[in-house]
Amino acid sequence: AQSVTQLGSHVSVSEGALVLLRCNYSSSVPPYLFWYVQYPNQGLQLLLKYTSAATLVKGINGFEAEFKKSETSFHLTKPSAHMRDAAEYFCAVSGQGGKLIFGQGTELSVKP
Amino acid sequence: DARVTQTPRHKVTEMGQEVTMRCQPILGHNTVFWYRQTMMQGLELLAYFRNRAPLDDSGMPKDRFSAEMPDATLATLKIQPSEPRDSAVYFCASGLVVYEQFFGPGTRLTVL
Chain A
1 AQSVTQLGSH VSVSEGALVL LRCNYSSSVP PYLFWYVQYP NQGLQLLLKY
51 TSAATLVKGI NGFEAEFKKS ETSFHLTKPS AHMRDAAEYF CAVSGQGGKL
101 IFGQGTELSV KP
Chain B
113 DARVTQTPRH KVTEMGQEVT MRCQPILGHN TVFWYRQTMM QGLELLAYFR
163 NRAPLDDSGM PKDRFSAEMP DATLATLKIQ PSEPRDSAVY FCASGLVVYE
213 QFFGPGTRLT VL
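Keeping their order, the protein sequence lines are chains A and B. For the first sequence, my numbering begins at 1 and goes up steadily by one. For the second sequence, my numbering begins at 113 and goes up steadily by one.
In case anyone wonders, no lab produced these hints; they're calculated from the structure. Built from N, CA and C at the ideal position, the CB exists for glycine as well. Careful: at least some of the hints might be erroneous.
[To be verified] Here are some chain A residues pointing at chain B (derived, C-beta under 7 Å):
hint: 1; residue: 7
hint: 2; residue: 42
hint: 3; residue: 94
hint: 4; residue: 104
[Claimed, not checked] Partner residues aside, some chain B positions facing chain A, computed with beta carbon under 7 Å:
hint: 5; residue: 127
hint: 6; residue: 167
hint: 7; residue: 171
hint: 8; residue: 211
hint: 9; residue: 215
Please put together the full structure from these sequences, using the hints given.
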C-alpha cells in the first residue's frame, strides 16, 4: 500500500531563507508524486508533480522538488522564502485507481 | 479560467438536519473526488467517481452519507441525518489526466 510521511507538522523560516519541506513515501510500484499548497480558506492548488520524467521538478512560485528513489523522498525546496509562501503544504503519492494518498500536511510560517 | 465550483461555501445546521453539498467539476473532466478535512484527521478521501460511476466510496460512512453524479456537470454529497462530528470542510476535486486533481474552494459545514 502507498503512504506518505511529512516530517514536521510546522516549519518556520525567516523571509529570504531557504525553505525545505520534507516528504518520504512508500510505494510498491513506481510512484507519481505531488506537492499541493493550501492557502487559508481555500482549496488545494497543485504546486508541482513528478511523473517519472526528470527527477528534479520545477513548479509554480519558485518551488522545486527532487525525486530520490534511493531515499524514497520527494522534498520541496525554495531558495528564498516570501511572506506570501505562508500556507499549508501537502505531499501526495499516487494510489490505486487514480487516487492520491495525502500526507498530514506541513504548515509553513514565514517571519519578516 | 476553468475552476471547480462548490455550493454552498458555508453551511450551519442543526443536528439531525439533511445537508446537501454540490460540486460542478471542470468541464470535460471525467473524475470527481469528495474529501473531508478536519484538524484531527487531516484530508480524508470520502468517495470518487469516474465517468459518473462510483469507483470507491469506502471512506464514507454509509449509514448517513451518500454521493451521486446526476450528470456530468453536477456531483452531490448528502448527509442525513447530520451530526456534530460531521463538522468539517468538504472539498470536491475533478481531474482528467490520471492522478492530477483540481480542487474547489470547499464547503465549510458546522453542525450544532
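Quiz prompt | Structure versus earlier hints - violations, ascending order | solution = Hints 1, 5, 7 are the ones this structure does not satisfy, whereas the remaining hints hold.
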